[in-house]
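**Student:** Below, each chain spelled out in residue letters.
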Amino acid sequence: MRLLSGQRAWLLQRLTAVYIGLWLILALGYFIFAPPVDHATWQATVGHPLVGLLTALFVLALLLHAWIGLRDVVMDYVHPPGTRLAVLSVSAGALILLGLWALFILIRAGLS
Amino acid sequence: MEFSIYRFNPETDTLPKMQRFTLPDDQVEPGMMLLDALLLLKEQDDSLGFRRSCQHGVCGSDGMNINGMNGLACITPLADLEAPVTLRPFPGMPVIRDLIVDMGNFWDQYRKAEPWLVNDSPEPEVERKQSPEDRDQLDGLYECILCGCCSAACPSYWWNPDKFLGPAALLQAARFIQDSRDEATDHRLAELDDAWKLYRCHTIMNCTQVCPKGLNPSRAISDIRRTMLKKSL
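Protein chains in written order, with the working numbering: chain A, 1 to 112; chain B, 113 to 345.
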């Protein structure tokens with residue numbers, strides 16, 4: 001917990017927010033100004049190593065950001081220690097699963 | 113003028129209730145403060161309990177929730193209040209009786225901020241000097257009268273009063289972190305760097321909105337975060 005506590009968590013939440021914001025602007029720009037014409041173009045874009053790397057970082061940033069935010073909400077509102085541990089464990093498990101799923105998609109797109 | 117006042121006597125009541133009071137118009141004078149009205153209402157019903165002392169916004173005794181906003185009765189002009197004036201004790205604090213709350217936890221958190229100067233250097237003959245610029249850093253921090261209006265208005269303090277220090281204690285922490293004569297800055301910052309004491313603040317800023325002395329605990333908390341960041345870089 002010490003790793004993601006106090007100032008470090010607070011700072012990380014802000015840095016990840018900046019990266020998430022920049023990635024979203026880039027993604028939105030791509031869909032507005034150069035949308036993929038067919039599935040093959042879309043696959044080529046997603047499979048590009050740079051896109052894959054930036055997106056993997058985006059997923060990581062999103063998961064860290066979500067974890068800190070969820071943890072804050074739980075710390076504020078959920079007070080019984082057992083319930084708090086259960087809610088935090090389920091949240092962490094769900095976020096890790098989401099991360100693995102996103103990683104699986106990105107690797108498959110990179111290989112195709 | 114009509115009043116609706118929170119009443120609770122632990123010796124006779126199981127639940128609190130709101131009681132209506134009427135202050136006759138001939139007793140309402142221009143320039144009157146809410147505390148003056150409360151003192152007149154107490155003449156009608158002397159069982160009405162509230163704290164007050166200096167009556168000039170210096171001692172910080174008569175903090176209460178006035179029409180939904182925390183403030184000091186002695187410096188709240190009656191003319192600015194919409195009738196019926198609803199008075200409740202500070203939200204989130206245990207009620208001892210009527211408008212009187214138990215501020216024990218508030219003082220415990222104040223103590224955790226270590227609100228005293230730490231300086232182990234040999235004492236100079238006359239005084240520990242400070243440049244006017246360094247002294248200016250304490251403006252907006254030292255004026256706090258510890259009335260508790262800010263902490264009692266802070267949702268983070270309502271949720272975790274035992275772990276989050278609250279805006280009043282953090283303003284004091286900032287006051288000693290900023291003090292050029294204090295030698296315990298690193299210790300103070302390290303103490304605050306956990307998930308609870310400082311970082312439960314979500315910049316809701318109710319503290320700044322209600323402070324009867326016009327101070328800005330929210331900015332003081334941001335300043336602590338900034339100092340912490342600079343130290344860690």
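Since the hints were derived computationally from the structure, they do not count as laboratory data. Please read all numbers here as calculations on a predicted model, not as lab measurements. For every residue, glycine included, the Cβ atom is placed at its ideal position computed from N, Cα and C. A hint or two may mislead.
Stated by the list, open to error - Which bits of chain B does chain A cover? Going by a derived footprint, with three or more residues having C-beta under 8 Å, they are:
no.: 1; segment: 155-167
no.: 2; segment: 213-224
no.: 3; segment: 299-310
Claimed, not checked - Which chain A residues face chain B? A few, computed with CB under 7 Å, are given here:
no.: 4; residue: Ser5
no.: 5; residue: Gln7
no.: 6; residue: Ala92
**Student:** Run the structure past the numbered hints and jot down the numbers of the failing ones, going up.
**Tutor:** 1, 2, 6
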